[in-house]
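> Let's have the full structure, built from the sequences with the hints guiding it.
Read off the chains here:
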Amino acid sequence: QKEVEQNSGPLSVPEGAIASLNCTYSDRGSQSFFWYRQYSGKSPELIMSIYSNGDKEDGRFTAQLNKASQYVSLLIRDSQPSDSATYLCAVTLNFGNEKLTFGTGTRLTIIP
Amino acid sequence: NAGVTQTPKFQVLKTGQSMTLQCAQDMNHNSMYWYRQDPGMGLRLIYYSASEGTTDKGEVPNGYNVSRLNKREFSLRLESAAPSQTSVYFCASRLSRGQGGYTFGSGTRLTVV
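In the order they appear, the protein sequences are chains A and B.
Quick note: the first sequence uses my numbering, first residue 945, plus one each step.
Quick note: the second sequence uses my numbering, first residue 982, plus one each step.
Hints are computed from structural coordinates only; laboratory data are not their basis.
Treat the hints with caution; some may be incorrect.
In silico EDC-like pairs for lysine to aspartate or glutamate, Cα to Cα no more than 16 Å straight-line [as the list claims (entries may be wrong)]:
1) A/K986 / B/D1019
2) B/K1052 / B/E1033
3) A/K946 / B/E1040
4) B/K1038 / A/E1042
As C-alpha cells, this is what we get:
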C-alpha cells in the first residue's frame, strides 16, 4: 500500500461545477495535510493546508479532513479553466516528522 | 522577494559527467529539501537539511551528495551522472520542522544522455 494515494485521473469537470479531489494516507499518526497545484512544466504551489478534522475554506477551495477514515479531500467550487492542473496531496506522516510525502497527483481538466 | 531560486533551469549531461544544482532561499527558512519528479512516480525526496549544518538521506539518495553551505544555500551534486538520473529536480524550503508546507523553486530539468 502506498503511503499517500490519489486517483491519477484524468478528472474532467464542466466549467462552473464542483471538482472533488480525494486522497488517502496510510499512517494513522499523520498530523499535517497539504494540497498543492502544479501546472504543466511548473513547480508545485501550495494552495491549502489542514491540520484538524473538519472543513477549511479559502475562497473557492475547501479542504476536508477525516482522520478516522484517513482521508483528505479538496473541493473546488465554480471551477474555472484556469483550475486545470495536477493536484498533489502531501502528508507529514507522523508528528514532528521533517518530511512531506506526496501522492502522485490527480490531473484535473475543466471543460469550458 | 525571490523565494527559492534554483540554477540552472535546464541541463544536458553525458553519462559519467558531474554537476552541481544550486538552490538558495531568502525567506530565512531553516529546512531545505531536494526532490526529483518523474512521470508516474510523483515527488521523491533525495536529501534534506533540517537546519544549517545537518543533512539527512531521503527516499532515493543513491548517486547524489548534498551540501548545506549556509542557512540560505543547499546544493545537490551528481558525481557521475547516469541516464536514470534524468528527471526534474525541485528544491524546497520551509520555516522549520512542522511549520507549514514547502515553498518550491522553479525546478531544474536534467537530461543525461
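> Each of the hints needs a verdict: does it hold here or not?
Tested hints:
For the hint pairing A/K986 with B/D1019, the CA-to-CA distance comes to about 13 Å; that is within 16 Å, so the pair holds. At roughly 5 Å between alpha-carbon atoms, B/K1052 and B/E1033 fall within 16 Å of each other, so this suggested pair holds. About 13 Å separates the Cα atoms of A/K946 and B/E1040, which keeps this hinted pair within 16 Å; it holds. Taking the CA atoms of B/K1038 and A/E1042, the gap is near 12 Å; set against the 16 Å cutoff, the hint holds.
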